[in-house]
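A.B. asks: With the hints as your guide, set chains B, C, D and E onto chain A.
Here is what each chain is made of, one letter per residue.
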Amino acid sequence: METIQSIKPLIAVLVSICVVPLLVLCKKPNLREGWTFAAAAVKLLLVLSMLPVILNGNQIVYTLVEGVPGVAIKFRVDALGMLFACVAASLWIITSAYSIGYMRGLKEHSQTRYYVFFALALSATIGVAFSANLLTLYLFYEMLSLATYPLVTHHQDREARAAGRKYLTYILGTSIGLVLPAMLVCYHLTGTLEFASQGFLAGACNRGLAGVLLVFFIFGFAKAAVMPFHGWLPAAMVAPTPVSALLHAVAVVTVGVFSIVRILTGVFGTELLGQFDFGVIICAIASVTIIVASLIALSQDNLKRMLAFSTIGQLSYIILGVGLLSPKGITGGMLHIAMHAFGKITLFFCAGAIFMATGKRNISEMVGIGRRMPWTMGAFFVGSLSIIGLPPTGGFISKWYLVLGTLEANQMTFLLVLLGSSLLSAAYFMPVVYRAFFPPPGKAMFENKVGEAPILCVAPPVITAFISVVLFFYPEPFFRLVSMAVRFIGGN
Amino acid sequence: MKAIGLIIVVLAGALLLYSTQDFPFWGDPASPAGTHTATYYLTKAFEETSVPNVVTAVLADYRGFDTMFETGVIFCAGLGCFVLLRLSRSRDEDSYYRHVATGITLHIKSAKIPDVSSEFERIDTLWTPYDLIVKTVCRLLAPFVQLFGLYVIAHGHHSPGGGFQGGVILGASVILIAISHNMRTAIGRISEKTIHILMAVGVLLYSGIGALCILLGGNFLDYASLSRILFTNEIEARSLGILGVEVGVGITVMAVMITIYNNLSSDGRLDEGL
Amino acid sequence: MIWELDLAILILVIVAAIGVIQVKDLLGCAILFSAYSFLMCLLWAIMGAVDVAFTEASVGAGVSTVFFVAAVFRTTRRTKD
Amino acid sequence: MSDLVVTLLGKYNYWLCVILMMIGLYAMIAKNNLIKKLVGMNIFQTSIILFYVSIGCKKGATISILEHGAGHHGVDPTHYINPLPHVLMLTAIVVSVSTFGVALALAIKVYRKHKTLEEDEILMQLRSE
Amino acid sequence: MTNHYPALIVVLPLLFAFVVSGVAWVKKSLCFPLTIVGMGLSAGLSVCLLGRVATTGLVEYRMGGWETPWGIGYHVDYLNALVVTVVTVLAFINLIATRKNVVEETPEKAGAFYSLYLLFIVGLTGIVLTGDLFNLYVLLEVASLTSYALIGMGNGRAPMSALNYLFVGTVGGCFYLLGVGYLYIMTGSLNMVDVATLLPQMYHSSAVVMAFIFCLVGVGIKMAFFPLHMWLPNAYGFAPTAVGSLIAPLMTKVMVYVLIRLILTVFSVDFAFVILKMGDPMVWLSSLAIVAGAVFALAQKNLKRMFCYIIVSEIGYMMGGAWLGNNTGMTGAILHIFNDAIMTLCLFLCAGSIYYRVRGLELDRLKGLFSKMPVTMACLVAGALSIIGVPPTCGFFSKWYLISGGLEAGQYGFVAALLFSSLVNVVLFFRVIEISYYGDFEDHHGHGSSGEAVMEAPASMLVPLLIVSIGLIVVGLYTGGIVNHLINPLLLKQGFLG
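Chains as they are written, first to last, in my numbering: chain A, 1 to 492; chain B, 1 to 274; chain C, 1 to 81; chain D, 1 to 129; chain E, 1 to 498.
Next up, chain A with everything else stripped away, as it sits in the complex (with noise of 0.2 angstroms):
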């Protein structure tokens, strides 16, 4: 393994902070969004080209400035953070896509705003991605939180005040309340925070102090969502649509899960985990958020409140495979960072759609839609497989290896839990579906004129919808990182 000095993932961090003066300063929409592509295709591009350098089994260095002796502002391009960066970068162009759709069809106010913020957090998306250590980590966590929050705001209505308030309290109150502890500690007691493939904890504090420390962490990267920290996240349903996307499927709550594998892997180091017994602690805390989440998402009558609880529970199930500590556990975790990516991203997309077409948010409302908005309700069909995990979507592939990792590390219980909640997923996305397809007899609630939103908001979701199904036939690109990132940590 050669390690490679080289600028790009600086800049591939800054594309889109230099696009902001000029998003700012441009006058006409046409070509401020022309920007926004622009940078977005030229993020993608810098990913893509270190892409083939990561697969040969190198990595990628490149350290900023010193800010305090023995941590530097430094980037470090692994495989890990390369399947992170590639899922981010590729969906931003989408994203985009459907957010000039989005915005402009519903004439939504202050669109340079939306999208300087949209940019900045991508940057900071990035960022989080290619960080060497723990600061530079929780540095770009702190921007990505700050530059969501007017997205999430972005109505600026007494409800979107409450919401960001709740975001900001529950992401900022536990990033400084618990992690710069935590940070700090960590640095106290060994003198570094940079990622090792076996953590650089081992040997340096004993397990009551390792146990609070973990707990610090998984509950401090709140954007993952883990119960009981995860209250933010369906209040922040009140942003649109592509807001939701993006926090739900590219930037938020990946990066908070995303920080989460990256403490568990580089920080503690699986061996150590393995040695204080804390695997069963993380995934018996993930598993009560699986399960408790499901649950409620099976009451939830609004339908981007109900994805909000299944993206709750679904992080948690990367979560639980990194805590199993196994190699197939992990593969899959990893994997259904990707996956879930994409399965998630295709829902709010259709849920958008839906409410650009008719204005209906409420599932019961539904009734029928998908005669009327065939191509939508599809790729929200497709996108629920790869979510319930059932072929052919990539959804099957990382459920499969999860479940394959706790058969390993001979977890039946955690077995038990995978599958349950399988079934719940299955029981909360399959009626959608079924209710927009096979209206009973006379309740169809559409008129004919309600058709299709217009094209920008409904290739999207196809076109990741369809993705989805090609990771099921042909996952090699992020199979291959994954097991890269496997064999990087050591995974026996």
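Rather than coming from a laboratory, the hints here were simulated on the basis of the structure.
Any given hint might turn out to be false.
[As the list claims (entries may be wrong)] Per the computed footprint, the stretches of chain D lying under chain E, defined by three or more beta-carbons under 8 angstroms from a beta-carbon of chain E, are:
#1 31–43
#2 55–66
#3 80–92
#4 95–103
What you are looking at is a predicted structure, and each value in this text was computed from that prediction instead of being measured.
Using N, Cα and C, we set each Cβ at its ideal position, and we do this for glycine too.
C.D. replies: Frame of chain A; chains B, C, D and E shown alone:
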């Protein structure tokens, strides 16, 4: 409040008293304070500056930098009183005049102020005639007071006194006039603008001499380097440098005392004063 | 320096100080304060600090008192304590 | 016992100085009238000046102005009082009179607005605003 | 000329102050340019001085050419050079940024105002550079007296606040003077280095202990250290805009510098920590200061007053860091002097430009300001993030050192207080941001009270403000450099062993 005050005071007093136990005895010639730096000043000051009053030598030369800021503090005080109290003249104010010969008071409502003449004198509403004896005595006294002030400044090298005390005395002479006559008379002799410019000129003289020393190649306030333009030896140059800064201090202190008095006694209106 | 004289004046100074803070008229306070300053000046002269004494005489007992009186004239003589 | 007496008598100057200091401090804290506080402050300052001047004292020495001609042939430092505290206190007096002037100016400005110098009355006015 | 830098930094603004006050009576329009020139020269020279100190380690200067225990000497090491640079550069920026405020608030006395402004800077730079204990007192009084006058220039409650500040400040100054007197009576010297060499043989004398305590109390009063902070919020809050943004960032920080200087150079860390064992109680008091400042800030309804209480809290940061008793904490404290000055300036400048347009700083009046003054509000957010301690702003890094120092010293109460105040700051600032982001909900119903159109502040305010807020991030990123090149060498010489 009184109880709290008492408690704090008693506590602080007890601490202070406790700490005196390690002091050298009062007036002990062998105490560190009496021997360490003091010995140097007493033995060397005269040969290095040729000023017999060691206090002046230390004040204006060894610790001349302190004294410059001391003058700065005074300057701040003058400026401070000015900015805090001085009211800008409002145009549409009523004004009162008195016909000197008859004592009739004129009340003029318009903004227009008649030309100054010897027949009319501007007064306030609350006007009481000044006592002739006091007025005359003070007017006669003022030049002597001023002369004494100048002597104190000039003779600071050899006797107690110096720029600061002399300046105060000079300022006091003007204040005396302002009290015994009225403030308009005093301001007529030395206007507000003059006072303020004098205030700046005095300290500027001090710091200017210091800066001049830098230009002549010495350190700041190193009067020895003035010997080049004064055509004397270094010791004499120091002595003259001390005189120069004392004059500067005197000017500033005088001007500041007058400013503070003017603003305080007239509530910033610079009218008739007390 | 005569220590008996020194002690006597010191005690007078303290008496003057207590008087200054207890008197219920600000003009009286000003005059007493002037006396206090003058006593202080004497004290310093006895201790050999002639320059300081000179300064105190001109500033503390002289100009300060004038300022004080001027300020009292521009405000009020009344005080509750 | 005699030890204590010696200590007491040997430093009585400092003791009385401390008492003066405390009178000033008490006036500053406990008095209600702004001008009275100001006077207290001045007493506090002068007492510190007294303290410094006391430091400079030397038994059996004279004022620190050299006798005529004494400077030319060696000065016996024990004959003269330490000049440094005097120098410092000249500065301190100047500082205290400057502070006094500015404080009076501020007091007049306060009086302009509140028409009183009693702190409690001013606070009452501010509270009712 | 280069070896005269230390003197010139102080003397040039002094000369210009006198010139300005004289020129004001002849030609008013010259005052501002002259002030700019004087301040700019001083700032430029202090940057040069910092450069020299960074390479040579120590620059000495003797006033009047006299050797140090007899004359007054400047003894400029890393700490002075760093702080003096902050003081002069920030004062320069503030001077430019607040010009319009000055024109508006004190139109007639601009000359005197600028003269006092320069004298205030003279006082601060002198305090920072001097190596003489009594000279420090004189300059302290220069700075204090000018600040009383400047604060008293304001309207409304300002004179009363200034008078209160004067009383308290003078007591502080007197206590310091008393402390110096105690030192003088014991050592016979006033030069810091000289005193430091004479002191070790009498560390156990009660007089020296009292000297230290009096200096501590005096400086503590002047820096508004809890519970001696009562004067600060009123004095800074009611001051004229240009004065608030000058004094608030600089005065308290310079006083913290004085304290650190006293600990490091005069009394030595051995005395303060090993013999007196003052570390623990002071850290606890600092923690209390942090918590109290944060809680009081929560109760404020005025932006500027809120900032004032945040300063009280920040003083606790620095004091706590200095008293932790290890190099990390001291590094944090010194770094925080630097960083906090910049952040506070940023906040007060924002308050200044908001006041310039909105004419009020009550929180309700900030409604909808994000859309009207986006740049100013963006800078406010930058300052807020720094106060909260979000990377990569500089506030994060000093907090980092402070917390690490706290962990190292085992002072978990202090660490908890720091985290608590961070969280409270989040609440404080997001309350402000929320109000200004959302605007009036009732506006939609059509009876908006917006008679005057509020718009973005003029460029002369915005540009300095932007420079300061970018500075927040740049300084944050170069923290490593500052620590390695300036603070570590200092602590290597005078800091804690091991």
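A.B. asks: How about the segment 55–66 of chain D: do at least three of its residues have a C-beta closer than 8 angstroms to a C-beta of chain E?
C.D. replies: violated (count 1)
A.B. asks: According to a criterion of three or more residues whose C-beta lies within less than 8 angstroms of a C-beta of chain E, is the segment 31–43 of chain D covered?
C.D. replies: As far as the segment 31–43 of chain D goes, the hint holds, because 4 residues have Cβ atoms under 8 angstroms from chain E.
A.B. asks: Quick check: do three or more residues in the segment 80–92 of chain D have a beta carbon closer than 8 angstroms to a beta carbon of chain E?
C.D. replies: Check passed, 5 qualifying residues.
A.B. asks: In terms of beta carbon proximity below 8 angstroms, does the segment 95–103 of chain D have 3 or more residues touching chain E?
C.D. replies: n = 5 at 8 angstroms, threshold three: holds.
Going through the hint list in order, the structure does not satisfy hint 2, though it satisfies all others.
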